[in-house]
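2 protein chains.
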Amino acid sequence: MSNNVSFGAIDDLCVNTLRFLSVDAVEAANSGHPGMPMGDAPMAYVLWTRFLRFDPKDPKWFGRDRFILSAGHGSMLLYSLLHLTGFDMPLDQLKKFRQWGSHTPGHPEYDIERGIETTTGPLGQGFATGVGMAIAQRYLASLYNRPGYPLFDYNIYAVTSDGDMMEGVSNEAASIAGHLGLGSIVYLYSDNKITIEGPTGLSFTEDVGKRFEAMNWHVQAVDGNNLSAIARAIEAGKAERTRPSLIIARTNIGYGSPAKQDTAEAHGAPLGAGEVRRAKEALGWPLSPEFHIPQEAAEEFRKAASRGALLKKNWDALLKGYQQEHPEAAKGLVKAMEGMDSKALEDWEGVLPAFSPSDAPSATRSASGKVLNAVAKKMPHLVGGSADLGPSNNTALNGFDYFTATGAGRNIHFGVREHAMAAIMNGMAQSNVIVPFGGTFLVFSDYMRPAIRLAALMKLNVVYVFTHDSIGLGEDGPTHQPIEHIASLRAVPNLTVIRPADAVETAEAWRYALSRKQLSGPVALILTRQNVPVIDRQGRGAKGDLSRGAYIVSGSENADPSAGPDVIIMASGSEVHIALGATDALLKRGIKSRVVSMPSFEIFEAQDAGYKATVFPAHVKARMSIEAGTTMGWHKYVGSQGDTMGIDRFGASAPYKTLYERFGLTVEAAVERAAFLVSGKKDGLTVETTV
Amino acid sequence: MSNNVSFGAIDDLCVNTLRFLSVDAVEAANSGHPGMPMGDAPMAYVLWTRFLRFDPKDPKWFGRDRFILSAGHGSMLLYSLLHLTGFDMPLDQLKKFRQWGSHTPGHPEYDIERGIETTTGPLGQGFATGVGMAIAQRYLASLYNRPGYPLFDYNIYAVTSDGDMMEGVSNEAASIAGHLGLGSIVYLYSDNKITIEGPTGLSFTEDVGKRFEAMNWHVQAVDGNNLSAIARAIEAGKAERTRPSLIIARTNIGYGSPAKQDTAEAHGAPLGAGEVRRAKEALGWPLSPEFHIPQEAAEEFRKAASRGALLKKNWDALLKGYQQEHPEAAKGLVKAMEGMDSKALEDWEGVLPAFSPSDAPSATRSASGKVLNAVAKKMPHLVGGSADLGPSNNTALNGFDYFTATGAGRNIHFGVREHAMAAIMNGMAQSNVIVPFGGTFLVFSDYMRPAIRLAALMKLNVVYVFTHDSIGLGEDGPTHQPIEHIASLRAVPNLTVIRPADAVETAEAWRYALSRKQLSGPVALILTRQNVPVIDRQGRGAKGDLSRGAYIVSGSENADPSAGPDVIIMASGSEVHIALGATDALLKRGIKSRVVSMPSFEIFEAQDAGYKATVFPAHVKARMSIEAGTTMGWHKYVGSQGDTMGIDRFGASAPYKTLYERFGLTVEAAVERAAFLVSGKKDGLTVETTV
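Line by line, the protein sequences give chains A and B. Each residue of the first sequence is one higher than the last, beginning at 4 in the numbering used here. Each residue of the second sequence is one higher than the last, beginning at 4 in the numbering used here.
Just so you know, the hints here were simulated from the structure itself, not pulled from any lab data. Treat the hints with care, since some could be wrong.
Copies of the same chain look alike in the list, so a pair counts if it fits in one copy or across any two.
[To be verified] Here are the computed lysine-lysine pairs in the BS3-like style, where the Cα-Cα straight-line distance is at most 27 Å:
#1 241 / 520
#2 99 / 660
#3 380 / 241
#4 315 / 546
#5 196 / 462
#6 98 / 660
#7 338 / 63
#8 241 / 213
#9 196 / 373
#10 241 / 196
#11 196 / 213
#12 316 / 213
#13 196 / 338
#14 99 / 316
#15 520 / 373
#16 99 / 323
#17 381 / 546
#18 338 / 546
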């Protein structure tokens with residue numbers, strides 16, 4: 004690709020075009036970050052016009068290189084590149100930078116139709132996401148490439164910043180990338196020596212290159228304003244196939260701004276009209292019109308697009324040959340490229356393990372492991388692992404290889420790196436083929452939240468396997484016992500949280516997670532450490548109704564107020580068994596109870612009002628929830644006259660049965676509290692702290 | 004201290020005592036981690052008996068060295084050390100390891116009376132917390148040490164693991180520790196080559212020493228079974244005063260267990276009776292009794308206690324001399340050592356800036372900066388900064404120096420390291436003198452959650468300054484707009500979340516945060532980017548009533564149902580102004596509304612039932628909440644017949660006023676929805692998704 008690495012005046016013109024499109028857009032919005040595009044335009048220009056493989060007419064082309072603007076605040080640099088190289092990003096959009104309804108938001112948002120590979124802005128995320136893209140590349144290459152048919156040989160490029168380098172998640176990701184020898188990674192690090200609070204020297208004086216060398220990276224340092232030097236470095240980075248590459252480019256934030264270059268002032272605010280004028284004068288740029296694109300520059304950028312179109316054509320021909328020579332593999336590949344959806348696995352009933360009330364009680368994490376293994380045999384694109392808790396999370400795919408520096412198996416040892424795992428899962432999902440899963444203890448979802456949030460924002464289909472979901476984990480104590488985590492995850496938009504009550508619901512939860520169309524959003528499975536029996540659903544359908552989010556598992560379904568239940572007890576996960584245990588004792592007191600298993604708030608919320616009213620008829624005001632975690636979130640369903648059984652404090656270290664007793668989560672307590680509700684003695688709208 | 008670094012048979016006996024006390028306790032609990040204590044006992048033994056300064060009779064002695072078991076799963080090693088050196092940790096407690104009510108939980112929990120300096124278990128946290136302890140040490144030394152009076156010259160020791168090394172937070176912390184040249188840090192890294200999933204080689208092959216050298220650490224490698232080599236390395240680590248030290252000790256997990264040494268099996272489960280027997284035989288240990296402590300070993304350990312008592316006595320003498328020679332400084336110091344509480348600042352009224360409804364509208368983050376600066380002048384132990392967002396968070400203490408490699412100012416450049424910042428704040432708070440504060444955008448609280456959780460679990464008085472608290476931040480878009488964060492923080496036990504509505508409430512929030520006794524728990528201040536006016540409280544007391552968590556700011560206070568309000572509109576932060584804006588229009592429709600400012604759920608929950616009923620009388624069932632974030636959590640207060648105005652989706656990039664309109668958070672919408680509630684047309688217990 005690197006056929007042309009000599010540069011001249013036209014290239015300087017192009018670089019300045021990138022700079023001032025960005026500057027003008029920030030001015031127009033009166034908001035944004037001009038300094039980064041001004042400083043990083045040279046390296047972005049070299050990368051995009053000499054190396055990056057892309058076809059603006061087919062932005063989803065599977066053989067394209069991936070580009071990540073990890074320093075997402077410099078979004079205008081990306082939008083300028085997309086416009087100039089001919090993506091669906093008209094100039095009009097640049098003029099609407101940061102406005103309602105535009106395709107040019109303040110930070111890049113995943114929009115593959117317009118060439119935006121991933122959402123960035125929260126620092127470190129883009130860096131780590133790229134590692135997932137590189138893992139996906141190698142996995143797909145291993146699965147589909149054949150001699151003479153290197154269909155998946157793309158590289159992962161990124162522009163990163165000092166902020167990316169300081170965030171812990173990037174170090175986690177760099178460590179595993181070096182360990183796995185991900186040679187497809189070529190990252191440019193814009194070392195502009197400036198952070199928001201001032202020179203990086205105020206807080207960041209380490210030897211970044213040496214740190215990355217220690218993690219098995221190929222490291223180079225270049226002058227970020229020297230186009231030829233940048234090109235040579237990228238060339239060398241590409242040539243290094245067994246180590247990821249970091250190119251440390253000394254850049255100048257706000258390059259060209261007489262007063263603001265190399266200062267923090269250039270970072271996060273418009274330059275201001277006067278300084279824009281002085282910068283344009285300094286770099287010999289016409290003062291008007293704004294959004295000026297010299298004709299020669301426009302033509303030069305279009306050459307990259309033409310080059311890309313040719314590459315794409317060649318790739319299509321390669322695929323055609325592949326289909327003839329390797330029809331079986333091609334079939335799977337084409338199906339995969341069309342997108343994983345419910346058709347990926349047609350025979351769910353035949354694949355899912357069967358569980359029955361006569362089985363010995365088992366942890367839902369165990370059931371999850373069985374289901375995952377059964378399904379994985381049929382879904383070659385299900386790839387994942389655990390952040391060093393595989394034996395506890397039951398995430399290993401038995402009989403399949405591991406992903407290593409020399410192999411591309413589908414089991415991944417993520418190491419004790421929960422945050423990077425979640426970001427890597429995002430990058431894997433962005434292959435649009437792989438469905439990644441990753442496990443850890445639920446309590447450590449805290450370490451992953453920034454990356455979970457991005458998965459939710461991008462609606463990526465990833466599956467979190469969060470086990471040890473409550474005080475039920477017992478002796479490890481409060482540092483390991485989730486209290487606030489289920490509620491905190493439910494609070495995240497687009498994230499579907501599922502806490503199955505038994506092995507049957509666990510199988511249905513996996514079915515739900517893996518049956519959805521692409522871009523339906525992440526799913527978090529919340530699983531027990533401790534054993535629970537399989538619920539006897541007494542003729543209500545052996546598999547329950549997890550696909551409704553909440554459903555009746557016991558008691559009257561009659562909606563007639565005169566015959567209906569006296570009390571509704573709703574619960575999730577292991578606490579459904581407490582609710583079920585209370586029904587007989589309540590009946591002995593003449594109280595008809597209904598038990599609702601509520602594995603997922605989000606799925607239930609998506610049901611129609613009619614179904615909701617069937618489960619929670621308005622006339623039944625005596626309602627109680629049971630969940631071994633914070634009661635936050637349940638008041639919506641129990642109502643003003645209801646009660647919430649939960650744990651609004653931190654846990655403790657003791658055997659789990661002791662903890663359930665001490666925290667009042669017992670059948671006996673459920674009976675008493677439900678009976679009290681039915682007695683009508685509870686005052687409706689008095690706000691009481693839950694016991 | 005290192006007078007005796009030669010070792011003999013008695014020392015081996017002591018090391019084995021540590022090993023088998025730990026092994027026997029894990030067996031008795033039938034739960035726990037035997038491998039780490041078996042492998043790390045030698046280095047812990049050398050550290051505790053030859054170097055660590057402590058006085059078991061005065062565990063809170065300010066001059067003591069700090070010891071952190073960052074590899075918290077090896078808690079039995081710590082409990083064994085505490086027992087043998089004479090802390091308040093009787094053998095009986097070791098026998099109750101991991102049982103309800105014991106002082107020996109599964110992972111160490113902050114318990115300074117028993118010598119446990121900080122809670123550990125979630126990996127990386129102890130490592131990073133120690134960096135905060137080192138910052139505190141240097142700050143206090145700078146404040147109080149005088150020539151000849153090195154009152155604060157303690158070291159920070161830790162035992163860390165490969166898990167600690169893999170977590171991103173430790174890299175963030177290591178980077179800033181190296182930058183600041185924190186020579187008081189001497190960390191032992193137990194390099195046992197084993198993780199839960201198998202050999203570390205499966206996921207972790209970097210050169211850790213080189214990585215730390217790149218971050219300006221002093222790095223040594225030793226044989227972790229060689230007591231003399233360990234002692235020499237600690238000696239050298241102590242001697243290095245301008246760089247933190249890392250001692251990479253090659254250890255053997257499960258040392259002595261014939262079948263399990265150097266395997267993952269030794270990590271997280273009891274060895275089992277047979278293997279315990281074989282291990283005891285292998286190391287020449289009596290098979291019975293369990294919890295055996297040879298007399299000679301007991302005596303040897305007690306020498307360390309005697310040495311510590313002497314050191315403490317000398318320190319007390321030093322302090323006495325200091326009090327005579329530097330009476331003014333001593334006065335401040337003694338007051339500080341007695342614990343920061345409300346007495347630290349007696350004249351709140353004279354110190355807090357006054358704000359008035361006639362002031363120009365200003366962001367609560369600006370008001371926060373003014374208050375913080377005013378208070379800091381009177382509170383020398385208020386120390387903090389921002390994760391590179393100081394100019395946005397308004398966290399700089401003007402006129403005060405910065406904390407650097409050569410100075411110990413009270414402003415800290417944390418760099419783009421939110422997670423380390425939060426963990427460092429924990430360590431600073433554990434000085435029991437410093438009150439740390441740290442700022443970032445609210446959305447990035449996600450990066451800090453594991454450390455926030457530990458602050459809450461330990462009830463440390465730290466103050467988070469979370470600005471840019473909603474879609475009100477505008478153009479930066481959904482990656483930077485918090486939606487789920489306020490609810491997610493409210494879900495954390497012991498954490499007090501305060502979202503002030505104006506400058507007046509902001510001042511009161513700081514007063515609240517800084518007036519509490521030690522160990523009252525962390526406070527999160529949630530502050531706007533955008534300007535808001537100062538509320539005209541119309542004779543209700545110029546300062547409102549933030550100390551109640553929720554209070555009436557407008558409308559009838561009459562509790563008589565016949566005269567009371569028709570609707571209660573409750574809100575927090577900037578949305579209180581929407582609620583206030585709606586009152587007049589509602590009155591024109593004949594609807595009497597009450598507006599409740601609710602800056603803090605947690606403070607309100609702590610009020611008595613009588614006060615709660617005054618604010619939210621049971622007979623007023625038409626209730627509405629307004630908050631520019633997820634509606635989760637508000638249903639408890641609005642009740643079944645209420646309504647919640649909020650945002651249950653991600654935000655968007657646009658000017659903030661546009662966003663408020665597009666998301667329906669306007670005075671007009673509030674009027675319509677409140678009027679609809681009053682009309683009684685809303686069905687009580689139907690579960691509806693919020694618009």
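Tell me the numbers of any earlier hints that the structure contravenes, in ascending order. Failing hints, ascending: 1, 3, 4, 5, 9, 12, 13, 14, 16, 18.
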